[in-house]
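Number of protein chains: 2
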Amino acid sequence: MSKSKAVVLLSGGLDSATAAGVAKSEGFELYALTVSYGQRHKAELDAAKRVASMLGVQKHVITSIDLRAFGGSALTSETPVPKGRSSEEMSGGFPITYVPARNTVFLSLALAWAEVLEANDIFVGVNAIDYSGYPDCRPEFIRAFENLANLATKSGVEGKQKFKIHTPLIDLSKSDIIQKGLDLKVDYSKTVTCYDPSDDGEACGQCDSCLIRLKGFADLGIKDAAPYR
Amino acid sequence: MSKSKAVVLLSGGLDSATAAGVAKSEGFELYALTVSYGQRHKAELDAAKRVASMLGVQKHVITSIDLRAFGGSALTSETPVPKGRSSEEMSGGFPITYVPARNTVFLSLALAWAEVLEANDIFVGVNAIDYSGYPDCRPEFIRAFENLANLATKSGVEGKQKFKIHTPLIDLSKSDIIQKGLDLKVDYSKTVTCYDPSDDGEACGQCDSCLIRLKGFADLGIKDAAPYR
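Here the protein sequences come in this chain order: P and V. Sequential numbering from 4 applies to the first sequence in the numbering used here. Sequential numbering from 4 applies to the second sequence in the numbering used here.
Misleading hints may appear alongside valid ones.
Note that identical chains are pooled: a pair holds if it fits in a single copy or bridges any two copies.
To be verified - Below 30 Å or equal to it, Euclidean Cα-Cα: the simulated DSS-like pairs (lysine-lysine) are:
id	residue 1	residue 2
1	Lys163	Lys45
2	Lys86	Lys163
3	Lys183	Lys27
4	Lys157	Lys218
5	Lys157	Lys167
6	Lys183	Lys165
No wet-lab data here; the hints were simulated from the structure. Please read all numbers here as calculations on a predicted model, not as lab measurements.
All chains, full assembly: derive it from the sequences and hints.
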């Protein structure tokens with residue numbers, strides 16, 4: 004019997020690499036989708052390619068969309084990324100790195116590909132704990148998208164496909180995520196999580212994303228093998 | 004008092020021009036979004052620019068996304084567009100011009116921009132009658148997207164915005180749509196509906212979309228002012 008196909012959203016970061024690792028461990032044939040949305044750095048795309056290669060994906064599609072045209076986020080505009088914030092500062096209100104409707108856009112694209120592939124399963128590495136400020140990382144958002152997916156598509160309406168959005172990390176802490184990935188032999192040295200990496204992928208170690216990642220490794224008493232500058 | 008903002012999805016075709024005309028007639032300040040998704044022709048983009056100009060939109064953003072990377076539709080691949088089909092043939096099963104998850108992707112992008120603009124209102128010219136084969140043109144899909152939108156966004160979750168997806172054409176026949184647009188002074192000569200237009204925007208008159216449009220004008224006893232080759 005041939006393997007079931009799954010579309011995995013792959014950013015090049017730690018979480019999506021882990022979610023993809025989970026999909027692989029569950030026996031899916033992986034179709035990796037990376038969306039380049041006007042990031043200021045290409046280091047993440049390079050990381051996504053390394054992770055896709057590491058996981059032996061069947062196909063890796065990188066598609067571009069210019070969310071900068073809409074403005075509104077540090078990750079897609081020229082606003083400086085905040086550095087060295089405490090966890091209290093990070094948890095206060097919405098992160099300025101919030102990208103409007105990002106996961107809605109990403110999941111829509113994953114859905115389009117899943118329908119063409121006749122894949123029922125979409126994996127996304129969203130996490131409701133460390134990114135509590137992002138509304139589109141919450142379980143109720145994911146359930147609403149799953150409902151939409153089955154109304155939005157030819158195959159869903161015809162009953163040929165029943166889409167499932169898998170979020171294996173949604174209620175895990177960062178250290179739980181890292182432990183899960185290590186158990187699945189995910190090589191985190193190939194990932195780039197930093198909001199402000201150098202061109203060759205060295206992390207800053209100071210932005211919110213780096214600080215959360217470093218704390219996750221520290222909580223496990225393990226050194227992060229990714230390069231920092 | 005300043006006008007409320009609305010994001011209008013503008014394809015350059017007859018339906019979206021009419022939906023945008025309705026938004027304008029209701030007093031909204033228009034922000035037009037055109038998504039170029041790997042169409043084989045740029046005539047639609049030129050038409051969208053003409054329509055945006057005609058309607059006096061505040062801003063017109065054209066963003067590109069390559070749905071061709073996923074394959075799966077005559078509108079985004081090299082499959083020939085069917086010509087000269089009867090209404091029975093058109094209504095039999097799904098049109099091969101169906102684009103997977105297209106309206107989900109388009110509405111997601113409109114939502115991203117609406118959140119940045121602090122616009123509560125999104126207009127889309129979907130129609131459940133003439134495009135009965137498209138699942139993402141049905142009222143239940145639109146309601147599911149509206150529900151998603153209010154869970155997906157910072158402003159929705161904070162209660163600052165309550166998104167509404169307006170579908171003023173959803174239950175109208177093509178001739179009803181045309182009559183509505185004519186009442187609102189929409190100049191249909193500027194629109195391109197054809198699936199296979201020439202480079203300078205002349206319609207083929209033979210594809211499903213042209214045949215439905217021409218029948219709509221004929222039902223009203225009016226000549227379509229758009230150019231045909």
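Results for each hint:
Taking the closest pair of Cα atoms, Lys163 and Lys45 never come within 30 Å of each other, the shortest separation being 38 Å inside a single copy and 34 Å across copies. In this homomeric assembly, Lys86 and Lys163 come within 30 Å of each other (Cα to Cα) only across copies, at 28 Å, whereas the closest approach inside a single copy is 48 Å. For the homomeric pair Lys183 and Lys27, the shortest alpha-carbon distance inside one copy (13 Å) is at most 30 Å, but the shortest distance between copies (53 Å) is not. Taking the closest pair of Cα atoms, Lys157 and Lys218 come within 30 Å of each other only across two copies (26 Å); inside a single copy the shortest separation is 44 Å, beyond that limit.
In this assembly of identical chains, Lys157 and Lys167 lie within 30 Å of each other by CA distance both inside one copy and across copies; the values are 15 Å within and 24 Å between. Only within a single protomer do Lys183 and Lys165 lie at most 30 Å apart by alpha-carbon distance; the minimum there is 27 Å, versus 38 Å between protomers.
Going through the hint list in order, the structure does not satisfy hint 1, though it satisfies all others.
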